[in-house]
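**Student:** Chains as they are written, first to last, in the working numbering: chain A, 37 to 423; chain B, 93 to 485.
Don't read these hints as lab results, they were simulated from the structure.
Here the structure is a predicted model, which means the values were calculated and not measured.
No residue lacks a Cβ here, since even glycine has one placed at the ideal position from N, Cα and C.
Treat the hints loosely; a few may be bogus.
Derived BS3-like pairs (lysine-lysine); straight-line CA-CA distance at most 25 Å [what the hints assert, rightly or not]:
id	chain 1	residue 1	chain 2	residue 2
1	A	K57	A	K77
2	A	K269	B	K370
3	B	K471	B	K482
4	A	K312	B	K409
5	B	K105	B	K409
6	B	K269	B	K482
7	A	K43	A	K343
8	A	K59	A	K77
9	A	K312	B	K482
10	B	K409	B	K370
11	B	K202	B	K105
12	B	K370	A	K312
Derived list of chain B stretches under chain A, where covered just means 3 residues or more per stretch with a C-beta under 8 Å from a C-beta of chain A [said to hold, decoys possible]:
id	stretch
13	108–121
14	225–236
15	449–455
16	458–464
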Amino acid sequence: MDFNFSKQERMLQDSVREFLKDKVIPEAAHSEPQGALPREKARGLLRQLVPFGCVGSLVPETAQGPGLSHVETGIVFFEMARAWASLAGVAAATSAVASALWRCENRALAGRFLAPLLRAEMLGCVAVTEAEAGSDVSALETTAVQEADTYVVNGTKTWVANGTVSDVVLLWATVRGPSSDEGAVGRFLVERNVSAFRAVEIPKMGLRALPTARLVFENCKVPAENLLAPPAKEPPSLQQAVDFEHCRCAAAATGIAQAALETAVAYARQRVQFGKRIGTFQMIQRLIAEMAVALDASMLLTFRALKRLDEGLPCRKEASMAKAHAAEAAVETASKSIQIHGAYGYSDECPVERYYRDARCFPIMEGTTQIQQLTVAEEILGLSALY
Amino acid sequence: MDFDLTEEQQRLKREVRSFLEQQIAPVAQERDLQGPLTRQELVGFIKKLIPLGYYNGMLPVEYGGRGLDSTTTAILLEELSRVWSGLAASLWIASSAAGFALLTPEMTDKYLPRVIEGDLVGCAGITEPDAGSNSAALRTTAVLEGDRWIVNGTKTWISNGSIADLCNVLAVTDSGKGVLGISTILVERATSPWEHRELHKIGWRAFPTAELFFSDCRVPKSHAVSGIGRQRETANGRSGYQNMMTAFESARATMATLAVGICQAAVDAAVAYARQRKQFGRPIAGFQMVQEMIADMIAETEASRLLTYRCWHLIDKGRRARMESSLVKAYACEAAVRVASRAVQIHGALGLAESNPVERYLRDARTLTIPDGTTQIQKLVVGREVLGIKAFE
Numbered sequence: 037m038d039f040n041f042s043k044q045e046r047m048l049q050d051s052v053r054e055f056l057k058d059k060v061i062p063e064a065a066h067s068e069p070q071g072a073l074p075r076e077k078a079r080g081l082l083r084q085l086v087p088f089g090c091v092g093s094l095v096p097e098t099a100q101g102p103g104l105s106h107v108e109t110g111i112v113f114f115e116m117a118r119a120w121a122s123l124a125g126v127a128a129a130t131s132a133v134a135s136a137l138w139r140c141e142n143r144a145l146a147g148r149f150l151a152p153l154l155r156a157e158m159l160g161c162v163a164v165t166e167a168e169a170g171s172d173v174s175a176l177e178t179t180a181v182q183e184a185d186t187y188v189v190n191g192t193k194t195w196v197a198n199g200t201v202s203d204v205v206l207l208w209a210t211v212r213g214p215s216s217d218e219g220a221v222g223r224f225l226v227e228r229n230v231s232a233f234r235a236v237e238i239p240k241m242g243l244r245a246l247p248t249a250r251l252v253f254e255n256c257k258v259p260a261e262n263l264l265a266p267p268a269k270e271p272p273s274l275q276q277a278v279d280f281e282h283c284r285c286a287a288a289a290t291g292i293a294q295a296a297l298e299t300a301v302a303y304a305r306q307r308v309q310f311g312k313r314i315g316t317f318q319m320i321q322r323l324i325a326e327m328a329v330a331l332d333a334s335m336l337l338t339f340r341a342l343k344r345l346d347e348g349l350p351c352r353k354e355a356s357m358a359k360a361h362a363a364e365a366a367v368e369t370a371s372k373s374i375q376i377h378g379a380y381g382y383s384d385e386c387p388v389e390r391y392y393r394d395a396r397c398f399p400i401m402e403g404t405t406q407i408q409q410l411t412v413a414e415e416i417l418g419l420s421a422l423y
Numbered sequence: 093m094d095f096d097l098t099e100e101q102q103r104l105k106r107e108v109r110s111f112l113e114q115q116i117a118p119v120a121q122e123r124d125l126q127g128p129l130t131r132q133e134l135v136g137f138i139k140k141l142i143p144l145g146y147y148n149g150m151l152p153v154e155y156g157g158r159g160l161d162s163t164t165t166a167i168l169l170e171e172l173s174r175v176w177s178g179l180a181a182s183l184w185i186a187s188s189a190a191g192f193a194l195l196t197p198e199m200t201d202k203y204l205p206r207v208i209e210g211d212l213v214g215c216a217g218i219t220e221p222d223a224g225s226n227s228a229a230l231r232t233t234a235v236l237e238g239d240r241w242i243v244n245g246t247k248t249w250i251s252n253g254s255i256a257d258l259c260n261v262l263a264v265t266d267s268g269k270g271v272l273g274i275s276t277i278l279v280e281r282a283t284s285p286w287e288h289r290e291l292h293k294i295g296w297r298a299f300p301t302a303e304l305f306f307s308d309c310r311v312p313k314s315h316a317v318s319g320i321g322r323q324r325e326t327a328n329g330r331s332g333y334q335n336m337m338t339a340f341e342s343a344r345a346t347m348a349t350l351a352v353g354i355c356q357a358a359v360d361a362a363v364a365y366a367r368q369r370k371q372f373g374r375p376i377a378g379f380q381m382v383q384e385m386i387a388d389m390i391a392e393t394e395a396s397r398l399l400t401y402r403c404w405h406l407i408d409k410g411r412r413a414r415m416e417s418s419l420v421k422a423y424a425c426e427a428a429v430r431v432a433s434r435a436v437q438i439h440g441a442l443g444l445a446e447s448n449p450v451e452r453y454l455r456d457a458r459t460l461t462i463p464d465g466t467t468q469i470q471k472l473v474v475g476r477e478v479l480g481i482k483a484f485e
């Protein structure tokens, strides 16, 4: 078993890290007090990340995509989140739309939108969650009623990352119409400048620069040709795609933990109190050791799962383990980093408080820790504790 | 052992909670997000809360207070912290002015009338950029020139520092004598001005925190009110050193009290949300994982509360609480972070929304484990008290 990245993987990591150090890290601290990134700034930053494979990473070169492996994608999201987790979120949302288009049945739709998304000329978002459909997305209340060659959409989506800045929305809705089964779910690509809807910013504790919105659809008309595939009872979301999103989240959370540990190590080595560097105190060493173990475990779990995806192996359990662990470890690691920094750590003069607030989002988004744990236990026991 | 509050205390707690729910809770989240309170805002809240016993209630009746004991004062602060911890903390530190007014007859003449009015904001100037956990390494100096102290130095992370009228500054008055050469000088900003720079924090955002710059700041000689090295009598009959040491104990117990308030707020919010939020066809309160989280939150809240009020019991009895106050400061503040974090988790994404106070409970809790002695320092105090061996360095 080789636990190291390959030479090629390390080269990719180094080149992304170098770029982020000069162009992104300084921007992150500066932007934080201003809240959600405006569209042009988000787009501008994302376009600079395109050459590193950060947008639509998994889309193969044959489809004009970066053609990264799952492991390589994990690496770039790890690095992006280490620099600025909110920006990783902007990339992830757009990438998720790109990936869905690349795989979907409607090749004409893909033909129109895949390329602009891959170039970050367009930003995308995925709208699934509703006020009454969080952990449980089985009964989406947003409806798309068929009228000839149009669907009329009514409903409200919430917690949509990139929602306020997206050009296109991958919308999940319950479909009603002559050609659909009862309870069928349709996935639509809604173009903002064709099908009007309202986007309301939701300010959050963490990932503050990641624009997050409530999307209100009121008799919003979406062309039938914008369906990714015929509506179906079981939304055709590959288990593999779900597993990958869990891994991507885990990789980003791990990046935050990495940043938190590095900052704490640097501080502990230079801060002097009681005539000694605080890194010489046993309590500080205990914190550093625990942070390092939690971080390494996150890395190993995350990349073990990503590797399985590259090998075409089932990875529902491994992906949920990685997401659950890495998200919780990121919060714990960032919290310890704050503590090591003393008062400086809870002030905005140091990035660590932002790492903590950003990390705190991860045990909730993309499937809460509790849901991930139920998935893991179900995989192991063959018993469900949910239904 | 009687674990119950007295009838009087229970009545007060109910009355105060009701008042705060109506008068303070509705404005807390939105105002807290905007940042530090102005002096005017804080004084406005102080005046509003004095009738309930806040700010000057602990003063003896003959000084215009209500003679409230520490336990009762703690109940008041716990309830306020439950509703708006940043305000509770700022009011607590402001009320140090009440103590300043008792230090000498001169201070009483100068400051007591304003304390009765609720129009005097106090703070303590201890920490410096290079003197955090190791506060004895402070470098601010106070040199006596004729009838004036000349104060020079920089203080940082000073609670209320930007809005305070009075700052009790810890300074070196006799260099080369270590701890025995450190005194406190009460600096009145109106007559002995200082500059400040506001600092912004992850939590307790309404609670002003600042860096203070004293540059040849001239302070009357009589304002060296409580020397650590000197056994000066003060109006309450105890020496300056004794006051300082027991002040640390009260400060630690108060931090724990504020933590308990946040814990309770988090428990109340989580219980209410879990009972009404439905997913998978039923209230999430019916899921074992959620029930376990709630049970753990309550255990930690109750343990914190009991440890905290045990401390106040000792303090009200005039006994030392060296180990107990450090123990509970460490325990309750760390517990508040865990309890508040579980409350966020139970709320799902709503727990991260700025519109929801639950996100503030976590940010406020996270700010507790560092000031007034970090968790680590508190544990070292416990270690010293119990083991008889110092492990600070």
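**Student:** Next, verify each hint and record whether it holds.
**Tutor:** Hints versus structure:
A C-alpha spacing of about 18 Å is found between A/K57 and A/K77, which places the hinted pair at or below 25 Å, so the restraint holds. The straight-line distance between the Cα atoms of A/K269 and B/K370 is roughly 23 Å, inside the 25 Å bound, and the hint therefore holds. With a CA separation close to 11 Å, the supplied pair B/K471 and B/K482 stays within the 25 Å bound. At most 25 Å may separate the alpha-carbon atoms for a hinted pair to count; A/K312 and B/K409 exceed this at roughly 39 Å.
Of the pairs offered as hints, the one joining B/K105 and B/K409 holds, with about 21 Å between alpha carbons and a cut-off of 25 Å not exceeded. For the proposed pair B/K269 and B/K482, the alpha carbon gap of about 21 Å is at most 25 Å, so the pair holds. For the suggested pair A/K43 and A/K343, the alpha carbons sit about 16 Å apart, so the restraint of at most 25 Å is met. Simply put, A/K59 and A/K77 have alpha-carbon atoms about 13 Å apart, close enough for the 25 Å limit, and the pair holds.
This hinted pair checks out: A/K312 and B/K482 have alpha carbons roughly 16 Å apart, not beyond 25 Å. The hinted pair formed by B/K409 and B/K370 fails the criterion: a straight-line CA distance of about 49 Å is larger than 25 Å. Between the alpha carbons of B/K202 and B/K105 the distance comes to roughly 33 Å, so the proposed pair goes past 25 Å and is violated. Between B/K370 and A/K312 the CA atoms are separated by roughly 54 Å; this puts the pair beyond 25 Å, and the hint is violated.
With a cut-off of 8 Å between beta carbons, the stretch 108–121 of chain B has 0 residues touching chain A; three or more are needed, and the interface restraint is violated. For a cut-off of 8 Å, the count of residues in the stretch 225–236 of chain B with a CB near a CB of chain A stands at 3, and the three-residue condition holds. Under the rule that three or more residues need a Cβ within less than 8 Å of chain A, the assignment of the stretch 449–455 of chain B holds, with 3 such residues. Counting residues of the stretch 458–464 of chain B whose CB lies closer than 8 Å to any CB of chain A gives 5, which reaches the minimum of 3, so the coverage claim holds.
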